[in-house]
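Peer 1: Spelled out, the chains give:
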Amino acid sequence: MLNKDRKTNIGSRISVSRKLKDGLATLLAFAAVLLVLLPLGAIFFQLVSRGFSSINWAFLTQTPRPVGEAGGGMGNAIVGSGMILAIASMLGVPVGIGAGVYLSEYGGGRFAQIIRFAADVLNGVPSIVIGIVAYALVVLRQKHFSALAGGVALAIMMIPTITRATEEMLLLVPHSVREAALGLGIARWRTTLSITLPTARAGIITGIMLAFARVAGETAPLLFTAFGNQFWNRNINQPTAALPLQIFTYAISPFDEWHRQAWAGALVLITLIVSTVAIVRFVLGRRLVRGTN
Amino acid sequence: MQRPNRLQFATKEGIGPNLPAVGGATPRSKEAIIWRKLRSNFGDGLFHMAVFGCALAVIAILSLIILQLYLNSRLSLHAFGWKFLTTSVWDPVNSEFGALPLIYGTLVSSAVALVLAVPLGLGVAVFITEMCPQWLTGALSFTTELLAAIPSVIYGLWAIFVLVPILRLQVEPWLARHFQWTGLFSGPAYGIGMLAGGVILAIMIVPIISSITREVLAAVPRNQREAVLALGATRWEMIRTGVLRNARAGILGAIILGLGRALGETMAVTMVIGNRAEIAKSLFAPGYTMASVIANEFSEASGDLYLNALVEVALVLFIVTIIVNALARLLVWTVTHGVGARVHAQ
Numbered sequence: 001m002l003n004k005d006r007k008t009n010i011g012s013r014i015s016v017s018r019k020l021k022d023g024l025a026t027l028l029a030f031a032a033v034l035l036v037l038l039p040l041g042a043i044f045f046q047l048v049s050r051g052f053s054s055i056n057w058a059f060l061t062q063t064p065r066p067v068g069e070a071g072g073g074m075g076n077a078i079v080g081s082g083m084i085l086a087i088a089s090m091l092g093v094p095v096g097i098g099a100g101v102y103l104s105e106y107g108g109g110r111f112a113q114i115i116r117f118a119a120d121v122l123n124g125v126p127s128i129v130i131g132i133v134a135y136a137l138v139v140l141r142q143k144h145f146s147a148l149a150g151g152v153a154l155a156i157m158m159i160p161t162i163t164r165a166t167e168e169m170l171l172l173v174p175h176s177v178r179e180a181a182l183g184l185g186i187a188r189w190r191t192t193l194s195i196t197l198p199t200a201r202a203g204i205i206t207g208i209m210l211a212f213a214r215v216a217g218e219t220a221p222l223l224f225t226a227f228g229n230q231f232w233n234r235n236i237n238q239p240t241a242a243l244p245l246q247i248f249t250y251a252i253s254p255f256d257e258w259h260r261q262a263w264a265g266a267l268v269l270i271t272l273i274v275s276t277v278a279i280v281r282f283v284l285g286r287r288l289v290r291g292t293n
Numbered sequence: 294m295q296r297p298n299r300l301q302f303a304t305k306e307g308i309g310p311n312l313p314a315v316g317g318a319t320p321r322s323k324e325a326i327i328w329r330k331l332r333s334n335f336g337d338g339l340f341h342m343a344v345f346g347c348a349l350a351v352i353a354i355l356s357l358i359i360l361q362l363y364l365n366s367r368l369s370l371h372a373f374g375w376k377f378l379t380t381s382v383w384d385p386v387n388s389e390f391g392a393l394p395l396i397y398g399t400l401v402s403s404a405v406a407l408v409l410a411v412p413l414g415l416g417v418a419v420f421i422t423e424m425c426p427q428w429l430t431g432a433l434s435f436t437t438e439l440l441a442a443i444p445s446v447i448y449g450l451w452a453i454f455v456l457v458p459i460l461r462l463q464v465e466p467w468l469a470r471h472f473q474w475t476g477l478f479s480g481p482a483y484g485i486g487m488l489a490g491g492v493i494l495a496i497m498i499v500p501i502i503s504s505i506t507r508e509v510l511a512a513v514p515r516n517q518r519e520a521v522l523a524l525g526a527t528r529w530e531m532i533r534t535g536v537l538r539n540a541r542a543g544i545l546g547a548i549i550l551g552l553g554r555a556l557g558e559t560m561a562v563t564m565v566i567g568n569r570a571e572i573a574k575s576l577f578a579p580g581y582t583m584a585s586v587i588a589n590e591f592s593e594a595s596g597d598l599y600l601n602a603l604v605e606v607a608l609v610l611f612i613v614t615i616i617v618n619a620l621a622r623l624l625v626w627t628v629t630h631g632v633g634a635r636v637h638a639q
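Line order of the protein sequences matches chains V and Y.
When we follow the numbering used here, the leftmost residue of the first sequence carries the number 1, and every step to the right adds one.
When we follow the numbering used here, the leftmost residue of the second sequence carries the number 294, and every step to the right adds one.
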């Protein structure tokens with residue numbers, strides 16, 4: 001299209017082969033976009049078409065039934081996931097925010113540089129490796145699988161993301177805001193807690209929710225930490241069911257009824273994650289830091 | 294609304310109590326000033342220590358990971374030494390552990406993924422940054438972000454029930470008919486196998502490659518594009534010479550970051566790769582990766598040597614991903630940071 005306009009200006013100086021190449025490149029790039037959107041569309045379509053019919057009140061509130069018995073659900077897995085994620089957030093969020101505050105408010109030196117590097121490395125560690133470490137740290141000591149171990153594994157995964165997001169957002173807060181507070185005679189720690197952090201609140205919450213969405217679907221680190229459970233469990237020191245684990249178990253089983261439930265569970269999980277991401281993007285994402293754009 | 298309130302609150306707390314003391318000039322007031330200073334110093338020190346502790350925790354966790362991986366794989370490290378990486382028998386029953394088939398499976402499935410994902414990822418990135426009409430940019434970038442937010446286990450579920458049948462019934466027979474001479478596409482087409490693992494990995498790493506590439510392309514200064522266009526280049530020539538060439542190192546970094554993700558990806562691959570520790574040339578044959586052997590066998594492993602061997606696999610995987618990621622970050626940094634600095638200097 002651009003070429004057409006140009007043709008009138010520069011006449012025939014652009015040769016046919018160059019124009020063809022230009023068109024071909026645009027076409028190929030567009031084809032790449034379509035090819036990437038195809039599986040995305042297919043996945044969401046299949047999730048809804050195969051999962052929706054199996055979602056009902058029983059599915060959301062009951063425990064799994066033995067093979068061959070129809071009905072039952074993933075209620076315990078949904079609650080278990082909530083438990084594990086709550087533990088992970090309680091452990092991971094404060095540490096992540098604290099480390100982020102250190103990097104932005106005190107982080108000029110070489111040590112801070114090392115921490116930034118460590119956080120990036122930690123971010124790239126495969127989740128299954130973190131599962132093994134949580135197993136060695138918690139399960140071996142407790143002598144049994146537990147929700148706590150799963151929570152520790154997910155917390156380790158949340159920390160680097162939250163750290164870097166917090167740092168990034170705090171650095172966006174204008175320096176004059178801090179100086180104004182300090183100029184009023186407010187202690188530095190008080191300035192950070194009452195002025196700087198609240199100013200960047202929306203951005204930091206965004207980072208936390210993205211970290212949350214990322215670990216909510218993690219399966220690999222829970223395989224030998226939370227382990228899974230067929231029954232209700234409210235004790236954080238006992239093996240606990242989790243939604244991704246249950247989907248995995250059901251998906252690789254040979255039973256049709258379990259496959260149906262796996263699709264339904266996947267639909268519940270993806271709804272949770274996509275709505276988190278969408279909330280972040282459309283509600284909080286507008287203005288990450290007050291007073292800036 | 295909230296900020297002024299907090300300021301007032303802080304003012305009362307911080308300066309308020311001090312005011313009468315300044316007027317009074319009694320010994321007590323001096324004490325009060327010192328006391329306040331001490332208290333604020335104490336608060337500052339405490340706060341500094343607390344956030345420093347959090348920062349230290351990041352390093353502590355990383356060290357703990359390395360330490361635990363080493364401690365829990367000692368038996369296997371001593372028993373097999375370097376042979377662990379070069380022998381190809383993985384036989385838990387006879388306590389023989391050679392990780393070569395797992396390393397092979399990891400590398401080959403990641404290579405297949407890269408071959409498929411790199412052109413797609415670059416195409417998407419180029420389209421969104423250079424060709425896309427403005428109104429579509431936001432929607433497209435959100436959609437590719439969404440692709441990155443889908444959990445691995447859901448990709449696996451979809452792969453088992455949708456992708457594998459398509460591969461078995463359509464793609465693999467076609468490949469066998471036309472490309473059997475390469476030796477890569479021979480043998481029975483089960484659907485499940487190395488090819489399925491590679492394809493699902495490709496779908497999973499496209500968003501990473503395209504989003505980092507977009508970041509890198511956006512960092513290429515505008516005047517580079519304008520200069521090339523001013524010389525009469527077509528849009529594609531502008532992209533090729535003005536943008537892609539300038540962003541080479543960063544694009545390579547994006548690809549390597551995608552590789553890092555592919556190497557460590559566990560669930561989706563485990564569900565479709567077939568889980569057999571053998572080295573076969575054909576991509577139709579079942580394989581095994583380092584991550585999936587851990588996922589499958591760790592909770593059922595009996596015997597200390599078996600467990601240690603699995604942790605050693607994790608150690609190898611950890612070291613490889615760290616090297617790959619560090620390299621990638623360095624490459625991305627040379628483009629985005631270097632260019633950023635140049636722009637600011639102007």
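Derived by calculation from the structure, the hints in this document are not laboratory data.
Honestly, I wouldn't trust all of these hints.
[Unchecked claim] From chain V, some residues computed to sit far from chain Y (all C-beta separations above 10 Å):
(1) K21
(2) R65
(3) P174
(4) E179
[What the hints assert, rightly or not] Partner residues are not named here, just some residues of chain Y that face chain V (Cβ under 8 Å, in silico):
(5) F340
(6) M342
(7) I354
(8) T380
(9) V382
(10) W383
(11) V386
(12) S434
(13) V499
(14) I587
(15) V604
(16) I612
(17) T614
(18) I616
(19) L620
[To be verified] Among chain V residues calculated to face chain Y with C-beta under 10 Å, some are:
(20) A31
(21) E69
(22) R188
(23) A251
(24) E257
(25) I279
These numbers were taken from a predicted model, which means no experiment stands behind them.
Ideal Cβ positions, reconstructed from N, Cα and C, are used throughout, including at glycine.
Peer 1: Let's test the interface hint: is any C-beta of chain V closer than 8 Å to that of L620(Y)?
Peer 2: Check failed: Cβ of L620(Y) comes no nearer than 11 Å to chain V, outside 8 Å.
Peer 1: At 10 Å, judged by beta carbons, does K21(V) keep clear of chain Y as stated?
Peer 2: 6 Å, violated
Peer 1: Minimum Cβ distance from A251(V) to chain Y below 10 Å?
Peer 2: It holds, given that the least Cβ distance between A251(V) and chain Y is near 5 Å, below 10 Å.
Peer 1: Go through the hint on V386(Y) and say holds or violated, using the shortest Cβ distance to chain V against 8 Å.
Peer 2: Not OK, violated: V386(Y) not within 8 Å of chain V, min 21 Å.
Peer 1: Hint check: is the beta carbon of V499(Y) less than 8 Å from a beta carbon of chain V?
Peer 2: 5 Å, holds
Peer 1: Would you settle whether the hint for R188(V) is holds or violated, based on the nearest Cβ-Cβ distance to chain Y being less than 10 Å?
Peer 2: 5 Å, holds
Peer 1: Please verify that hint: I616(Y), Cβ, nearest Cβ of chain V, below 8 Å or not.
Peer 2: 10 Å, violated
Peer 1: Answer holds if the nearest beta-carbon of chain V is closer than 8 Å to that of I587(Y); otherwise answer violated.
Peer 2: 5 Å, holds
Peer 1: Does T380(Y) hold up as a contact with chain V if the rule is Cβ-Cβ below 8 Å?
Peer 2: 22 Å, violated
Peer 1: T614(Y) was flagged as interface toward chain V. Is the shortest Cβ-Cβ separation under 8 Å?
Peer 2: 6 Å, holds
Peer 1: Would the stated hint for A31(V) survive a check requiring a Cβ distance to chain Y of less than 10 Å?
Peer 2: 7 Å, holds
Peer 1: Hold the hint about F340(Y) up to the distance rule: shortest CB distance to chain V must be less than 8 Å.
Peer 2: 3 Å, holds
Hints 1, 6, 8, 9, 10, 11, 12, 16, 18, 19, 21, 24, 25 from the list above are not met by this structure, while the remaining hints are.
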